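Engineer: Residue numbers (our numbering): 3 to 253.
Simulated from the structure, these hints should not be mistaken for lab results. Incorrect hints may have been included.
Label pairs and their calculated CB-CB ranges [to be verified]:
#: 1; residue 1: D39; residue 2: D135; range: 14 to 20 Å
#: 2; residue 1: E106; residue 2: E136; range: 29 to 35 Å
#: 3; residue 1: V97; residue 2: Y237; range: 34 to 40 Å
A quick note: this is a predicted structure, and the numbers were derived from the prediction, not measured. Each residue gets a CB set at the ideal place from its N, CA and C atoms; glycine is no exception.
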Amino acid sequence: MEETYLLNVEGVRKKILHGGRGELPKFITFHFQTLKDNFERTVIDDSREAGMPMEIIVGKMFKIEIWETLLCSMRTGEVAEFWCDAIHTGMYALVSKGMRRIVEGRDPLEGQKHRCGMGNMFDYHSTGYDDLDELQRTPQPLIFIMELFRYKRDTWAMSKEEKLAAVPVLHSEGNRLVLQKEFQRAAEKYQEAVICLRNLQAKEKPWEEGWLKLESLVTPLVLNYCQCQLELGEYYEVLEHTTELLQKHNG
Numbered sequence: 003m004e005e006t007y008l009l010n011v012e013g014v015r016k017k018i019l020h021g022g023r024g025e026l027p028k029f030i031t032f033h034f035q036t037l038k039d040n041f042e043r044t045v046i047d048d049s050r051e052a053g054m055p056m057e058i059i060v061g062k063m064f065k066i067e068i069w070e071t072l073l074c075s076m077r078t079g080e081v082a083e084f085w086c087d088a089i090h091t092g093m094y095a096l097v098s099k100g101m102r103r104i105v106e107g108r109d110p111l112e113g114q115k116h117r118c119g120m121g122n123m124f125d126y127h128s129t130g131y132d133d134l135d136e137l138q139r140t141p142q143p144l145i146f147i148m149e150l151f152r153y154k155r156d157t158w159a160m161s162k163e164e165k166l167a168a169v170p171v172l173h174s175e176g177n178r179l180v181l182q183k184e185f186q187r188a189a190e191k192y193q194e195a196v197i198c199l200r201n202l203q204a205k206e207k208p209w210e211e212g213w214l215k216l217e218s219l220v221t222p223l224v225l226n227y228c229q230c231q232l233e234l235g236e237y238y239e240v241l242e243h244t245t246e247l248l249q250k251h252n253g
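Turn these sequences into a full structure, and let the hints guide you.
Structural biologist: Now the structure itself:
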């Protein structure tokens, strides 16, 4: 039987559709569906249709802050529906744009690399998606249906979809560690993300569309890895990786 709860957060209601159990993992993997709060319950995004589950690390300031609150109220195997007032959904259009671009094999940060976070929050230029443009113009309550389904898995054991989902999480974690000047740990995160993408590339024909889309995601990760190696004094490794990139892109 469905039960409705008021979380200890203003403007949020929770309805459990299927119970879960166990402790909340620090590294959360989940599927989500985003719907409008209208009669038709119009679907905006569905990670299952996109073939890419989401992953976040608890406590690492995910861009939609309310999502961490929602997920922390869940347990593995649980499916829950959350109604969130417009005060919590203002950033959704920008985050959704980034997720859609990843699924399309495009750079999720293209067009905003040289702008600060606050600048992006108040950037009301077109996202490139009509439904997201509408959300930017008219902030509104949204419904999120979430299924929390597993703990972190080793890279080698991940499916194609899981590897694609892990890459932006690892990239973000690497960036956070760089800001803390933890260059060795940051390099490991970037390297793990590259390994995920290289494993996927191995199943594509070199220089064809699928391979090139993955390569466009690999390049900034390798450059970030090289930045860390420079800080660590590993100059020969930097030379090796940058030379390989130059040869590949000039070839």
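Engineer: Indicate, hint by hint, whether the structure satisfies it.
Structural biologist: The hints, checked one at a time:
At about 18 Å, the CB distance of D39 to D135 agrees with the hint of 14 to 20 Å. The hint said 29 to 35 Å for the Cβ distance between E106 and E136, and at roughly 20 Å that hint is violated. A beta carbon spacing of about 38 Å between V97 and Y237 agrees with the range 34 to 40 Å that was offered as a hint.
In the structure shown, a violation is registered for the earlier hint numbered 2 alone.
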